[in-house]
Amino acid sequence: MSGVTVTTTVNGDPVQYVCTADESLLDVLRNRLNMTGSKEGCGTGDCGACSITMDGRLVCSCLVLGAEAEGRSIETVEGLSEGGELQPLQEKFIEHAAFQCGICSPGFLVAAKALLDRNANQVEEEYRYALAGNLCRCPGYDKILRAVQDAAKVMRRKKKK
Amino acid sequence: MPYDTSYTDQSFSRVGQRVNRPDGLEKVTGRAKYGADMNAAGQLVGKILRSPHAHALIKKIDTSKAEKLPGVKAVVTADDFPDHSGGDRGMLDILENCMARGRALYDGHAVAAVAAVDETTARKALKLIKVQYKKLPHVTDVDEAMKPSAPVVQDWIRTRGVDPAPTSGSNVHQRSEFGHGDLDAGFAEADVIVEKSYKTEQTHQGYIEPHACLATLGPDGVGDLWVTTQGHFTFRNVCANLLGLDVAKLKVTSSEIGGGFGGKTHVWMEPVALQLSRKANRPVKLVMSREEVFKATGPTSSTSMDIKIGATKDGRITAASAELRYQCGAFPGIWGMLGAMTAWACYDLKNVKAVGFDVLCNRPKVAAYRAPSAPMAAFGVESTIDLLAAELGMDALELRIKNAAKEGTRASYGPVYGPIGIGPTLDAVKNHPHMKKRLGKNQGRGVACGFWFNFGGQTCTDLNVSVDGTVNLTVGTVDVGGSKASLALIAAEELGIPYEQVRVQVGDTASLGHNDTTEGSRGTFSSGMATIFAARNAITVLRERAAMMLDVPVDQVVWEDGAARATGKKNSNLPQLTLKEIAGKSPTTGGPIAGHNEVVADGAGVSFASHICDVEVDPETGATKILRYTVVQDAGKAIHPDYVEGQFQGGAAQGIGWALNEEYIYGKDGKLQNPGFLDYRIPVCSDLPFIDTEILEILTQTTHTVCVALAKPPSCRLWQPSVMRFQTQWVSE
Numbered sequence: 001m002s003g004v005t006v007t008t009t010v011n012g013d014p015v016q017y018v019c020t021a022d023e024s025l026l027d028v029l030r031n032r033l034n035m036t037g038s039k040e041g042c043g044t045g046d047c048g049a050c051s052i053t054m055d056g057r058l059v060c061s062c063l064v065l066g067a068e069a070e071g072r073s074i075e076t077v078e079g080l081s082e083g084g085e086l087q088p089l090q091e092k093f094i095e096h097a098a099f100q101c102g103i104c105s106p107g108f109l110v111a112a113k114a115l116l117d118r119n120a121n122q123v124e125e126e127y128r129y130a131l132a133g134n135l136c137r138c139p140g141y142d143k144i145l146r147a148v149q150d151a152a153k154v155m156r157r158k159k160k161k
Numbered sequence: 001m002p003y004d005t006s007y008t009d010q011s012f013s014r015v016g017q018r019v020n021r022p023d024g025l026e027k028v029t030g031r032a033k034y035g036a037d038m039n040a041a042g043q044l045v046g047k048i049l050r051s052p053h054a055h056a057l058i059k060k061i062d063t064s065k066a067e068k069l070p071g072v073k074a075v076v077t078a079d080d081f082p083d084h085s086g087g088d089r090g091m092l093d094i095l096e097n098c099m100a101r102g103r104a105l106y107d108g109h110a111v112a113a114v115a116a117v118d119e120t121t122a123r124k125a126l127k128l129i130k131v132q133y134k135k136l137p138h139v140t141d142v143d144e145a146m147k148p149s150a151p152v153v154q155d156w157i158r159t160r161g162v163d164p165a166p167t168s169g170s171n172v173h174q175r176s177e178f179g180h181g182d183l184d185a186g187f188a189e190a191d192v193i194v195e196k197s198y199k200t201e202q203t204h205q206g207y208i209e210p211h212a213c214l215a216t217l218g219p220d221g222v223g224d225l226w227v228t229t230q231g232h233f234t235f236r237n238v239c240a241n242l243l244g245l246d247v248a249k250l251k252v253t254s255s256e257i258g259g260g261f262g263g264k265t266h267v268w269m270e271p272v273a274l275q276l277s278r279k280a281n282r283p284v285k286l287v288m289s290r291e292e293v294f295k296a297t298g299p300t301s302s303t304s305m306d307i308k309i310g311a312t313k314d315g316r317i318t319a320a321s322a323e324l325r326y327q328c329g330a331f332p333g334i335w336g337m338l339g340a341m342t343a344w345a346c347y348d349l350k351n352v353k354a355v356g357f358d359v360l361c362n363r364p365k366v367a368a369y370r371a372p373s374a375p376m377a378a379f380g381v382e383s384t385i386d387l388l389a390a391e392l393g394m395d396a397l398e399l400r401i402k403n404a405a406k407e408g409t410r411a412s413y414g415p416v417y418g419p420i421g422i423g424p425t426l427d428a429v430k431n432h433p434h435m436k437k438r439l440g441k442n443q444g445r446g447v448a449c450g451f452w453f454n455f456g457g458q459t460c461t462d463l464n465v466s467v468d469g470t471v472n473l474t475v476g477t478v479d480v481g482g483s484k485a486s487l488a489l490i491a492a493e494e495l496g497i498p499y500e501q502v503r504v505q506v507g508d509t510a511s512l513g514h515n516d517t518t519e520g521s522r523g524t525f526s527s528g529m530a531t532i533f534a535a536r537n538a539i540t541v542l543r544e545r546a547a548m549m550l551d552v553p554v555d556q557v558v559w560e561d562g563a564a565r566a567t568g569k570k571n572s573n574l575p576q577l578t579l580k581e582i583a584g585k586s587p588t589t590g591g592p593i594a595g596h597n598e599v600v601a602d603g604a605g606v607s608f609a610s611h612i613c614d615v616e617v618d619p620e621t622g623a624t625k626i627l628r629y630t631v632v633q634d635a636g637k638a639i640h641p642d643y644v645e646g647q648f649q650g651g652a653a654q655g656i657g658w659a660l661n662e663e664y665i666y667g668k669d670g671k672l673q674n675p676g677f678l679d680y681r682i683p684v685c686s687d688l689p690f691i692d693t694e695i696l697e698i699l700t701q702t703t704h705t706v707c708v709a710l711a712k713p714p715s716c717r718l719w720q721p722s723v724m725r726f727q728t729q730w731v732s733e
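So the protein sequences, as listed, match chains A and B. Residue numbers for the first sequence follow the numbering used here, so the first one is 1 and each next one is one higher. Residue numbers for the second sequence follow the numbering used here, so the first one is 1 and each next one is one higher.
Just chain B, with the same shape it has in the complex (with noise of 0.2 Å):
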């Protein structure tokens, strides 16, 4: 049944359907090639040496007895890459986060890597490496990183932001600050002040699959990767940068991804992969460990937090403020000030400020992981929310109505709102039969909303019709959950031909130009209009080529469900020409028909989302068990919405497992204490229940001026707040 489409003035045949996936088969029977699934002749195996330390200076590493070990092709530190110091500073981060570079920074951190001709020999040349390390002391709190007192992880940092600038190292890398307002007379007006701190642990992406490659590199300097990447491009251009090479000459190709929630964004070990193929000019498979995933592969920040909120009696927000202190790892990040732009951006606030602190500490680079940095600020402010509520005697969820951000709202972080789906979210929160269930002894119910900008970038894709009228579209964005037949389902309604005609395939990145990496939802959004001007593009050239069938001006031709027309009267009598049809002309008409389409997607909507979590704590042992767990979401148009639905529960999940189970344990040591799944708990299946899900389509000015399926992305939301809401309560009585 065509999904229904109230929000926007358009009909779809196609968009909306809740088809089978075009690479469901592949999937299912264990066809489809993964990071750690191909090989080449020839390949060699790599694996990588890591610091035992949280902290410590690299004094010397005796490479010798591993090189001469039979079987050993290549063994690389940092002195094996160039050196870009005093070079582009966010590059060299890169770099030393590959390859630790006379400091290792966080247990876990690369020194040394090996290239040998099979696993054990591998090993064996691992433990052969002498790495004399003296250790330096540490930090993993974000709050002890702070201190003037703290062990400084980076010393060329000179906090940004703040005025005058730091003449001293520390480890705090920015401030930013958001709001607008005047906070003191917003407080004074209040007639109820809450204010609570708050701590979050960090956790990881978690994804299945851990990082593999396969990297081939000659001396030549021409060279091919496969990885499974939320961005072959970036990758490729990270790459090139780092190594010295010619972008065009280094092809990235990316394999299924099993997993990235934003921790592929990033790399991590692929530079060390092309650089061990260089040297032994061999094939090199490099694939992580979990203990290597946790322990060097970015999870999201852990966190300290101060929020105050102030209102009237009647529920009004009169002022509201964040002091947020973000741990981004040993490398500057920006996940402080990410915090600070979506605390507040629920809500419509006279008075507001944000402040965001990005601090160092001896812990693995932060990744982006699922609207980055927005779960843990949203935690805090909901947190924060529920207990004004309490202390109002309101309803909290009405409490949140009454302060909603609108359309032309002017958000905390600073643009002013079109139409938005906040409001929507919680009414439908209030509307639904969720609410209303029964609630026994030691069962409690939280409410929490969330934000998240989105994103669209630059694209490419290319769309190629067959001489049979099939289509083949070649996307630069990483399907990372469906997104496939979602390119396929909008070729297809553009087109006006069946879904089954069109088989959508992802470019390596010397078939197309440009795609920004999969990331801040902009897979299906951006690549989705890319596909629609793409199609239009070769409807064009099937109007030409059908003008030229039917011996009429191109003016006179229409397109209109799969096939063109020619338009007036003295036209009448001619016939309708399929796109099958046009197609197979092509070749006495002029050749190959396509349309191509380049495009930084711009336009892309805000979204919000509203969770309702029941859960029962009991008394005497802590343990929480997920009741109900419903999530309403602004998707702007669901393209595929069994996929929408999916992303949804599974952020849901993710942010279920972070509020319950999932955190890194540092010991005193500085060492990270459960890198693997036993420890590490994520949830499990007999952890949840059936999650219900609600796509709300806000319109917003996008779908007008694209005027097709597209406002917002099916995006992902992660919400632990409704859930730890609740827990925090349990603890604190």
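Chain A extracted, bound-state conformation (with noise of 0.2 Å):
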């Protein structure tokens, strides 16, 4: 199969590598780029694990096509903190015990991330359905909700800054 080059940023560096025309965006983050973060729990689309933000909307890499990042700006989990510093997600997930695998984290903090950025000002309800699309068994989503409303006040403060 003919391969196709693409050339896109990836956590704000530029990026370029040849897929084939049926290879999803995640399997091109984990297998060509190295990078394992985002995960493949169904491939389907329906559990969030391989959440990622194209352009600033969160979508499901696992159904997006490696072709289609071509000069888009791709952010993963591998680009949510800067340099030393956690984004108060991650702290805030590691303080409030939000994960217990661990395997859901990363696309639950790249999901939550893209919803506080848009607004971190929201009710409980309403960040229950925003985040209703990450599958996580493990802690029943009490200490990840917690977690992310924690975060919120902490984004809130820092935007007031």
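Taking lysine to aspartate or glutamate pairs in the EDC-like style, the calculated list, with each CA pair at most 16 Å apart, reads:
1. LYS625/B <-> GLU125/A
2. LYS671/B <-> GLU201/B
3. LYS124/B <-> ASP22/A
For the record, the hints were derived by calculation from the structure and aren't laboratory data. Computed from a predicted structure; not experimentally measured.
Each chain sits in its own coordinate frame; assemble them with the hints.
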């Protein structure tokens, strides 16, 4: 199968790769760019473990073709923290024990960041519906929601400053 | 803040604190390596061809075209594996489940596998394998499978536990009976008798990480396996046995595990990956799709049950019986037996009987799922307890409290209980603010109890003190949900050093002696115990070194708060030596300082839980909303309360999913109709409220003998009955 050459931006860095026409962006990230932070839980867009943003929009990278990333800006879990500083959601996930196995955390973090970047001032129910596309099987969402709400507070404060 | 330790006579300075887990950073940055995240130079992609039929004879498999496809490096079928016929039946079953031999026993049963240079080639190769099947009659329902006319799944099965032993085959693998007293007399004493039958469908553990491994096995019989598993030592032993390898020559490394809940205690495809690798002489990465996970890895049993309880007018249960029929997939299991053992464990009963049947069906081999078999039996029993309460006109919680098992009760499955937590959990429920919340229209409240044995098992741990006084703890139990934090707390507590100075890792099978699989809530309990002993062994060495440095006899040196001190008046002017100071001198006082321990961790206490759930049902659509949920559970000592709460909450969420949405749906053709997260709907964030928890710490014998923080593990408990109860009521009305 002939390859497609793609020039794109991943976590702010210019990236070029060749992928097959039927290859998902998730497979490109994991297998070609060695960025295994995004996970495949289902491959059908049902679990959200592969969540990334493309031009700021939250998508399941298993449902995007690698070829579609041409000229876009991709953000993954690997790009959340800057230098030595964790993003507030990452800090709060650790502090609130918001994961046990941690397999869903990358997707949850990316999805929650996309949500809070848009609006960090919502009520519990809005957060719950906004994050309903990310499946978690260990701690029953309780501690995840608390971590997201707590991180939202931090992000609101940061915005004010 | 230190956690309240009112149940033990000890005070802890580290155990019980809500510290940040040591592997938090790698898990929030995406750096943690799970099963599918490892790669090797020259690796091939493995893929498995699976049966499209529920039950079929495999007449012929033609792999010649696939083998000729450029890029295909190996193709295997059952013929490529050692023939264990006539050997250990259990091993043969495991291998036949990984690769069908002669007959496909369920929709999704593996029949062949390929290894190719890339995914596309591997997929093409699967399409080129031609399998000739002859379809056979199938059975997927447990009650149907028990009928004499049912198609027989495995013709060698002769029902165990019946007298006289049967001479012909059936689907009933075994009958197990537990109980005591005189059931007839008990029911004769009863003023009220309630009887009801129930069925529950099969559910999957639903871990978000599919099974994945990277296998390397050379023609010399030396191999490496990187795999997501709850028990890498068990995987090593099983794979070596199945493939005829020397155990020590196969090194198995457990990856980070993306959820298991019992489902990653068995090998499902790892021997296939190893055999592909051996044939191709290259590393093979094999990762299941979600569909494969649903179709071909162990869900829990579907069940059918008859429950009968008799009581006097004042609510004293005089007799209780249960017949529990558990579907165990296409291979024998112990699930009906476990259901029968756990069914009545919460109650103090004079006359009690529970009979469990393990029944084969044309479905995937059943595996453990969080207190395996207990939730279904509890659903039947607890629902019937509620019916009995209604019949007696008595509060259902009071009925439970009145009949709860206590210290000295002879458990329905045999032993006499020591101090146990069922009474305290029920009292805590009674006094919980949740019980005082008002219910509105179409709203209801359920309470249910449950039980699990808990288990210790073989464990081996290494503790090494570095020259700067920091400590490496190497354990052989997999961290399924925060146990690295708990074990670091325990090591720090014993040694008297800060939590942050301990780094915990899970060792591979070449670095430690055998460790049993992390199952039965044993991880923190057993490795915690081994860590305590290893730390104490290290302290013995530290004291010896300190004695040498202070030039006093070792019996005059004690270990207190992370330092060695010489006792006695004449030593009063000698300095204390901290762990760090002793470690710093270790190169000249005898070399490295370490503590090691191997143990069969006995004395795990049983644990009990009581849950409260409020639901609202839409009378027109039947849509059910969970309004409030509270878990009260006896957890022994909560080493790290956050992760204990997380276990409670996660178990509750899985129970809610089981009660409301989750089920395997088989068509008349015996095929699974919903092998994906869209149609097999596990709870999402918007389905649930915050889940309240109350941890009770009940003393057991172990806390005395080990005299540290362990009684019962921060165990996982799965309780759907409280939810199901109200639903059932609604459906029946």
